[in-house]
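K.L.:
One line per chain: the protein sequences are A and B, in this order.
Residues 252 to 666, numbered by my numbering, are exactly what the first sequence covers, in order.
Residues 40 to 408, numbered by my numbering, are exactly what the second sequence covers, in order.
Calculated directly from the structure, the hints in this document are not laboratory data.
Some hints could be false.
Quick list of in silico lysine-lysine cross-link-like pairs, DSSO-like style, CA-CA up to 30 Å [claimed, not checked]: (1) B:K290 with B:K52; (2) A:K547 with B:K179; (3) A:K547 with B:K173; (4) B:K52 with B:K381.
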Amino acid sequence: MSRDEIKAELEQFLEAEFSPDLSLIEWRQRLVSAGWAAPLWPEAYFGRGFSQAQAAVVTQVFAERRIVGAAQVGPRRLAAETILAHGTHEQKLRYLPKILTGEHAWCQLFSEPGSGSDLAGASTRADREADHWRINGQKVWNTSAHHADFGILVARSNWDLPKHQGLSYFLIDMRQPGVEVRPLKQMNGHASFNEVFLTDAQVALDDLVGGEGEGWAVATTTLSIERQGFARGRGQSTPAEPSAGRVYRELAQELEIDNEPYTWYPQREGRPDLVLQRARETGAIESDAVRQEMAKLFCLSEAARISANQVSAHQKSGAQGVLPAGSIGKLGASVIARQAAHVHTMISGASAMLSGPRSAADGMIAETLVSVPAISIAGGTDEIQRNIIAERVLGMPKEQRMDTGPFRDIPRNSQ
Amino acid sequence: MQAVLSEDQMQFKQVIARFFDTHSTMPAVRRLSETETGFDPVVWSELSETLGLPGTHLPEEYGGHGFGPTELGIILEEMGRTLYCGPFFSSAVMAGYALACFGDEAAKIEKLPQIAAGTTRATLVLDDLNHPSKVGRLIKANQAGVLTGTAPIVLDGGSAQAFLIVAREPAGLGLFELSPTSPGVEITLQESIDMTRKIARLTLQSAPGLRLGSVTEQGLYQFWDLISVALAHEMIGGAARLLNDTVEYTKGRYQFGRPIGSFQALKHRCADLLMSLEFAKAATHHAGFCLAAGEETTIYPSMAKAMAADCFMDMARAAIQLRGGIGFTWEDDTHLWFKRAKCDEVLLGAPYQQRARMMDILQEAQDVA
Ligand SMILES: Cc1cc2nc3c(=O)[nH]c(=O)nc-3n(C[C@H](O)[C@H](O)[C@H](O)COP(=O)(O)OP(=O)(O)OC[C@H]3O[C@@H](n4cnc5c(N)ncnc54)[C@H](O)[C@@H]3O)c2cc1C
Chain A
252 MSRDEIKAEL
262 EQFLEAEFSP
272 DLSLIEWRQR
282 LVSAGWAAPL
292 WPEAYFGRGF
302 SQAQAAVVTQ
312 VFAERRIVGA
322 AQVGPRRLAA
332 ETILAHGTHE
342 QKLRYLPKIL
352 TGEHAWCQLF
362 SEPGSGSDLA
372 GASTRADREA
382 DHWRINGQKV
392 WNTSAHHADF
402 GILVARSNWD
412 LPKHQGLSYF
422 LIDMRQPGVE
432 VRPLKQMNGH
442 ASFNEVFLTD
452 AQVALDDLVG
462 GEGEGWAVAT
472 TTLSIERQGF
482 ARGRGQSTPA
492 EPSAGRVYRE
502 LAQELEIDNE
512 PYTWYPQREG
522 RPDLVLQRAR
532 ETGAIESDAV
542 RQEMAKLFCL
552 SEAARISANQ
562 VSAHQKSGAQ
572 GVLPAGSIGK
582 LGASVIARQA
592 AHVHTMISGA
602 SAMLSGPRSA
612 ADGMIAETLV
622 SVPAISIAGG
632 TDEIQRNIIA
642 ERVLGMPKEQ
652 RMDTGPFRDI
662 PRNSQ
Chain B
40 MQAVLSEDQM
50 QFKQVIARFF
60 DTHSTMPAVR
70 RLSETETGFD
80 PVVWSELSET
90 LGLPGTHLPE
100 EYGGHGFGPT
110 ELGIILEEMG
120 RTLYCGPFFS
130 SAVMAGYALA
140 CFGDEAAKIE
150 KLPQIAAGTT
160 RATLVLDDLN
170 HPSKVGRLIK
180 ANQAGVLTGT
190 APIVLDGGSA
200 QAFLIVAREP
210 AGLGLFELSP
220 TSPGVEITLQ
230 ESIDMTRKIA
240 RLTLQSAPGL
250 RLGSVTEQGL
260 YQFWDLISVA
270 LAHEMIGGAA
280 RLLNDTVEYT
290 KGRYQFGRPI
300 GSFQALKHRC
310 ADLLMSLEFA
320 KAATHHAGFC
330 LAAGEETTIY
340 PSMAKAMAAD
350 CFMDMARAAI
360 QLRGGIGFTW
370 EDDTHLWFKR
380 AKCDEVLLGA
390 PYQQRARMMD
400 ILQEAQDVA
């Protein structure tokens, strides 16, 4: 389909189907049935099989006409893309529509107290019973778990196989007695992640994704989608200003809950956007030393932006060849955030001691300084990204492993 | 604006890569770096006559091919990758762009075709190579175009067949031409850290110059951007080659019973270098696209030069460190790259000066807005 054909068909659809007086869910159901909620997805599963360039036309029309799109915040996207890649036909039909309509919120249950970077060392148990999987163990650092209806879960279904082969990947209902979610307060005062205790929690047999023992391959897909998200930053596909009408009202309510764990996320990226303005207001821009550090920051942030554009232009052109985008972008995001925090500190001087609404930029700078340490940990640490770049992109030799053989014999953290 | 190379440009790159892989091998680089003139006339005439490279970026009406900074960048990236030794940067890039930017119509009609064809190897004489604002302090021209003064660093000054000179006039700056054999011209070969690019010192004592055109302040800055972006391409080509060769070395060298490339300290250093290379490449290509699209006075040329220079130098330091003792020998090739990186780093302004310029531009843009 050409640009113009897409535009014409979409506008015709909006003309016929959109009304601000619909409920949010009713409207999104219409979007889903027509394939406009996720145009990149295949036609068989609520999409239109569009290319990136074609989908960009849809995004643009939505933005211009201030139309409410699908619900897409954070972990929902991880779940959806993973199910799309590895799920059964029935799983796709059952879960994908309600992810798009926003009826179901999701969370990612990967990390554990004993295994973070070493995700394949997970020791949450999955035991197969007659008609369900029984889950026991503890997960931790799970963002948004306190709002979630479902979780994507990695657990060990076999203890005698080598670590990577004994894992399975599940879709778990968070609203059941065996699942207990406790919020954890972070160093920046927010509580967006949680610890999740699983005690004889149940997963239906057909909520296994990929085969039994194939959890590692499925989790790898989730992780690579997650890394790409860091490089891109968090986009919000919904209209900025609220308008009159039920659908907008309900969207505002949804966002208030969905976005609650993420209000500090822009700050963990270091807020380079505030630097130039603040340097001028404070007069710090007159200092050559500050100017040098500012320029270094802008070099990094501009190059990261340009590089991301080049990657997407490269993909659009359908050209072959691997671009080392994900891990480099994630590592870049960390470096940018740290440099931005460094520059903000120089600009503030002694005032960088202050926090709260009466401090610089309504407290945003203080929040930035204490949020930046998250970006080099969440979603795979900087060190892990460097391992990935060195081994998979540069092809450098792997380190000798100490964790081969049956999982039950591998040294691990005592709990 | 363009975001990535087109199909045609990719094909062009392949042709250029093949040429320099064949004609700028490491033994050839070694041999030429030991000579006084530092280039191979046979390769020069082949790249000029067969491929027409010196005219790539010069306008068609003056004998060039009418392509832009991106195509020129492709050539320089491959030259950087193979450490090409020859007067391409001094003649085609510096002198060629200078004449195209500052020459009068008559001068361009008469002189540019020979530079574009590679039949004249010219070089541009700037009495300062740090910052455009400092040009014209050492070389002066009187009303009659008689030139006096010194340029301590002239690229390929010992072998050039023509000198284009930017000199201070009673009012403003002008572009002049001089033959190396003119009276009052003294050429002294300089020792350079970088043996792959030859340098001479030029002293003028009442040397009769031919005036070719005027150099405005704004024009000089724009010219500086053009040649800085060209140089940045050379640097990312060199940096990419160094990373590739260094990683290969770490896969083959064994210590403690394992390849040194399996040590995490080295892996992490290489991963950081790859990130810095990807960013420098993105910035440099983008700067080329901006110049090609006619965008003037953006931060991107200075940004590209600063990032490419830091990246190339970091890469060169690591290339030696990761080779250990052999990396510090004359016999190993790595020092040739290190020295090119060091000289490219400061040629046309060190990274801190480029960053200072970025900030000036950003601030001006905000003042206007
Ligand atoms: C804000 C935030 C949100 C998060 N959200 C989620 C979520 O929603 N769901 C979820 O499952 N998890 C989440 N996490 C967890 C995150 O993925 C882990 O914290 C991370 O992978 C690191 O694991 P760890 O904390 O166990 O640290 P460890 O793995 O113990 O790492 C400790 C240190 O050792 C280093 N290290 C470990 N292994 C190596 C190695 N092989 N080579 C070199 N160095 C190494 C690490 O880089 C780190 O510096 C979140 C974390 C944060 C901070």
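K.L.:
Now tell me, hint by hint, if it's right for this structure.
P.N.:
These are the hints, each one checked on the structure:
1. Annotation: proposed proximity of K290 of chain B to K52 of chain B holds, straight-line Cα distance about 28 Å (limit 30 Å).
2. This hinted pair does not check out: K547 of chain A and K179 of chain B have alpha carbons roughly 37 Å apart, beyond 30 Å.
3. The hinted pair formed by K547 of chain A and K173 of chain B meets the criterion: a straight-line CA distance of about 24 Å does not exceed 30 Å.
4. Proposed proximity of K52 of chain B and K381 of chain B is supported: the alpha carbons are some 26 Å apart, at most 30 Å.
Checked against the numbered hints given earlier, this structure breaks only hint 2.
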